[in-house]
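Using the sequences and the accompanying hints, generate a full structural model.
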Amino acid sequence: MSASADGGSAGTQHRGTRGQTAASAAGLPGRRRAEVTMVPDARPSSYYGRPIIKDPVWTWEIPVYFFSGGVAGASGGLGLAAEVLGNQRLARRAWTSALAGALASPVLLISDLGRPARFLNMLRMVKLTSPMSVGSWVLTLSGGCTTLAAARSWLGWFPRLGAVGKLGAAALGPFLATYTGVLLSDTAVPVWHEGRRELPFAFGGSAMASAGAAASVLTPVADAGPARRLAVAGVVLEGAAMEVMERRLGELAEPYRSGEGRRYARASRALNALGAATLALAGRRRRAAAVAGGAAVMAGALCERWAVFRAGFQSARDPRYTVGPQRERLEQRCAAAPA
Amino acid sequence: MADGYSLETHAWPGSYGEEAQPRMGFFTDTSVCIGCKACEVACKEWNGVPEDGLTFTAQSYDNTGGLGADTWRHVAFVEQRRPLGVQDARPGALVQDAALSQLAEEAGLPPQADGEGLRWLMSSDVCKHCTHAACLDVCPTGALFRTEYGTVVVQEDVCNGCGYCIPACPFGVLDQRERDGRAWKCTLCYDRLKDGEEPACAKACPTDSIQFGELAELRERAQGRVHELQRSGETEARLYGEDPGDGVGGFGAFFLLLDEPEVYGLPPDPVVTTRDLPGMYATMAMAAGAVAAGIVAAFAGGRR
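Residue numbers (my numbering), protein chains in the order written: chain A, 1 to 339; chain B, 1 to 304.
Check before you lean on any hint, since a few could be wrong.
Stated by the list, open to error - Cut-off 20 Å, straight-line C-alpha distance, at most; resulting in silico cross-link-like pairs (SDA-like, lysine to any residue):
no. : chain 1 : residue 1 : chain 2 : residue 2
1   : B       : Lys44     : B       : Asp180
2   : A       : Lys127    : B       : Ser15
3   : B       : Lys194    : B       : Ser15
4   : A       : Lys127    : B       : Asp157
5   : A       : Lys127    : B       : Ala11
6   : B       : Lys44     : B       : Arg192
As the list claims (entries may be wrong) - Which bits of chain A does chain B cover? Going by a derived footprint, with three or more residues having C-beta under 8 Å, they are:
no. : segment
7   : 127-136
8   : 201-208
What the hints assert, rightly or not - Some residues of chain A that are not near chain B, with every Cβ distance over 12 Å (derived):
no. : residue
9   : Thr96
10  : Pro159
11  : Leu218
12  : Ala335
In case anyone wonders, no lab produced these hints; they're calculated from the structure.
Beta carbons: idealized from backbone N, C-alpha and C, even for Gly.
Shown next, in the form of structure tokens:
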């Protein structure tokens, strides 16, 4: 596909070929869109090529929060499991990265708000129809739990509350790591909504990967075995979920194959593969290898979030992605209905 | 009047009890829109919506572009040429077509007769006040709410500018106001409704293209109008958003269009994505289980 999928293709929106299939008549991306025909399409796919839905207004803080929330979420469970099994060195470091993620996350989210001073309005109500409301509560509660757990682990404070905090952080963590997939899926952005079956797995996988990687970086290699295995397992889950998603999306996945989406998706795959291989092969012997491998896996997880984030913008901006599948759905419904 | 309370939403009329009012809405009959933009102006004036840039889009007579934080009514101008007469390879603006026609004439080709195969579609777009509104569902602060008239309104003193409603709307109605940070959209003139007045746009519309009233009554009127148009040969006339069985449960502000919705920049089959939320939460639970299982499995190979 040589033509870009951004607004620059607006001039081709009104063209089409007579006698095409429903999908391509409605302007779904396909090989035929480069053709210029002599007959103006009687059914243009949009109004002057303008987008039908709005771009999200979220800025860089949001994908970075997906990363920090993921680190916090998966580190809690890692910390508790290590502690229960008697690996205190790993546990302490896992609680450190959990705390770092839990402290960075609200700062990022508040800074993205249009009215940061009103951030407390997020806790005005518990609203199950809003993944953001659910997520705000999960983040608040797990952040509190993580703070208690880290204080207990490093400073020995709060013996009883600390134990509650550890359990709470470990129990809420997996939800903190995966709800962000639902947050994106519950929008009209085609590449996000249609990826709803895989996005929570992709984000959960990269949360595992980055939590494992962070603990591998911070922990002496002799004690970091479970962290390395978690990182590798996360990379595998993340990669598999993204692959399944792209395949199932079909033509809708074009934003992952062009422009920024493609660049970051490729970078993520490369960094993940390199980092996981380094951690698995050399990470158990040399700390330097563990640090390098862990850093690469974390960078890969960040790139994955950025790829998904930017692909959403690409998909929102081009009306073909909005109109095409809807038109196809209508044609199918018409065909199914008795004449 | 019991009819006025049909087309129930999640919160209306149920949660209002005695205070519930009949569901109010718009029927925008685009077949009589003359593109005067009085609705755009009246809306801005009444609601104190700020100026949002004086731009020249070169897209027919539309320099507004689309709905947004500072545009709550938008008049679309669609220039259509049916494939008749001179066939040009680059369908563009009327001026281009005119130039091509002149060229064709000079070259001795058969020119296009006056007005042949050419039409303008004009349509005043607005927030649809969906029966199942995605913006309202996803709003985490409760700033968006369902009024006693069944309409959807943003409370500007509650909105914290999280921006979730903006990509959630399947029509691209809401947007964030610059230097303000909050999300804004049509209120169906909630303040005027409370005083028994019709919304500013409907009041200003000189051709009654924008009709305001009880939704149940508007729906009946619209059925009559579309049949009348079809009988008189306008076979493409159709209602958009009147079907309570559609993906958003029907619109509180629906339309009569003369072509496919996408021609006007409207989605042909909009869906409220929260419809799929139970399934999405189930996926999240499975993914969370996978994360927990992954952590446990990481210790299966040894605790160090």
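Tested hints:
Between the alpha carbons of B/Lys44 and B/Asp180 the distance comes to roughly 17 Å, so the proposed pair stays at or under 20 Å and holds. The hinted pair formed by A/Lys127 and B/Ser15 meets the criterion: a straight-line CA distance of about 16 Å does not exceed 20 Å. For a cut-off of 20 Å, the pair hint linking B/Lys194 to B/Ser15 stands: about 18 Å separates their Cα positions. For a cut-off of 20 Å, the pair hint linking A/Lys127 to B/Asp157 stands: about 19 Å separates their Cα positions.
In summary, the hint linking A/Lys127 to B/Ala11 is supported, as the alpha carbons are separated by about 14 Å, within the 20 Å threshold. Between B/Lys44 and B/Arg192, the direct Cα distance comes to roughly 14 Å. Compliance with the 20 Å bound is thereby established for this hinted pair. By the rule of at least three residues with a Cβ nearer than 8 Å to a Cβ of chain B, the coverage given for the segment 127-136 of chain A holds, with 7 such residues. Interface restraint, the segment 201-208 of chain A with chain B: holds (6 residues with C-beta to C-beta distance below 8 Å; minimum three).
No Cβ of chain B approaches the Cβ of A/Thr96 within 12 Å, the least distance being about 17 Å, so the stated non-interface status holds. Residue placement check: A/Pro159 keeps its beta carbon more than 12 Å from all beta carbons of chain B (closest about 23 Å). A/Leu218, annotated as away from the interface, keeps every beta carbon of chain B farther than 12 Å; the closest lies near 15 Å. At roughly 14 Å from the closest C-beta of chain B, the C-beta of A/Ala335 stays outside 12 Å, upholding its exclusion from the interface.
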